[in-house]
Amino acid sequence: MSIRATLHQGNPGLRDDRPTAAPRRPLHRPLPPPRTGAKFQGRSVTAPAAQTSNAPLLQTRGLTKHFAIGGGLSRKTLHAVDDVDLVIQEREIVALVGESGSGKSTIARLLARVHRPTSGDIVFQGQPVSEMKGRTRELAYHRAVPMVFQDPFSSLNPAYRVSHGITRGLRLHRPELSASQRRAEAERVTEAVGLSPAADVLDRFPHELSGGQRQRIGFAQALSYRPKLIVADEPVSMLDVSIRIGLLNVMARLRTDEGVSLLYITHDIASARYISDRLVVMYAGHMVESGSTEQVLAAPAHPYTKLLLSAVPDPRAPLPTTIGADKGEPPRVIDPTPGCRFRHRCPLAIDLCATKEPALRPTSGGQSAACHRAE
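Start counting the sequence shown at 56; every next residue gets the next number (the numbering used here).
I should point out that these hints are in silico values taken from the structure, not numbers from a laboratory.
C-beta: ideal position from N, C-alpha, C; glycine also.
Fair warning: there could be bad hints in the mix.
[Claimed, not checked] Taking lysine-lysine pairs in the BS3-like style, the calculated list, with each CA pair at most 27 Å apart, reads: (1) K361 x K283; (2) K131 x K411; (3) K283 x K188.
[What the hints assert, rightly or not] Quick list of the computed label-pair ranges, beta carbon to beta carbon: (4) S365 x A254: 47 to 53 Å; (5) E231 x D206: 16 to 22 Å; (6) E412 x S185: 21 to 27 Å; (7) P213 x R416: 47 to 53 Å; (8) E231 x I389: 27 to 33 Å; (9) E231 x S185: 25 to 31 Å; (10) D295 x E412: 22 to 28 Å; (11) H399 x T311: 39 to 45 Å; (12) Q236 x T311: 21 to 27 Å; (13) D312 x R192: 42 to 48 Å.
Take the sequences, apply the hints, and build the full model.
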């Protein structure tokens, strides 16, 4: 069954407790549907994010990251991310979508401080992150903005029980807790991500869990720090289609029950539609469109977003002969030339696109798009 069909069913009771050894007691308790009561019919199952103030929780200002390739006379520069202005409000889920190489994961690593930006800055709760000097303030930021990585199989240490990964992080980020309190908190967050009984799960080794269960543990680790924002880098891309819906529901409930914001990075528009409040579309290191998920998907303003949506298979429609991007060349991100990076593949390109890079600006539809032809 395709991800579109699976998401359309909106069944929050799907399980991913496939045993790898002898059968044991089931680890999952079925998650109840989101409290808003909305059903998935081509729209988000979650209610609009509740805003506690006008100031965003996190925003980036001209965030740029370049990587040097080679050296000497052959030195070149890869433009992974260029001039990105991203805004995330409190209790909001923002989906960052785009094809491979668009800069999504680089943005995630910049927000998690795995990489340092070439230029630009990250502003968290009104304070530039570049001004957070010293170990105490750095740890406070990492505690508030943890990251869940794509690969659930390499994010846990196979030599230790599952509880070790959670309690070890608690010793670092919440040193005031005693050993018994750390264990109690580990059980609480394990239950919060839908793994039950928590004591049984925590006493297992990673190889005794399925991929979906391990990814839930990744979210439990992040949740144990009492975060404000969780950066999730393609958390469902390595999971079976039948398991993804359960983890998406976990993410939605983290916002509802724990008050956490999420940056959900994905190349899957169907899952982004299912869970997110706002959608940001990336192409070749640039933001090309941004707006509410409903607005962007109902009436996309940028040609690239339109081509992305036309590439999503629809079992109810006849098989198309083309999606409109059968000509042109891939984007050039190594020493790119001036102008719009999508112009070589764009069916609406004009002469201006070759000389002037379009700025992200509001459109009549309510979203923002970086296109000279957008209205």
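Unmet hints by their number, sorted upward, for this structure: 1, 5, 8, 10, 13
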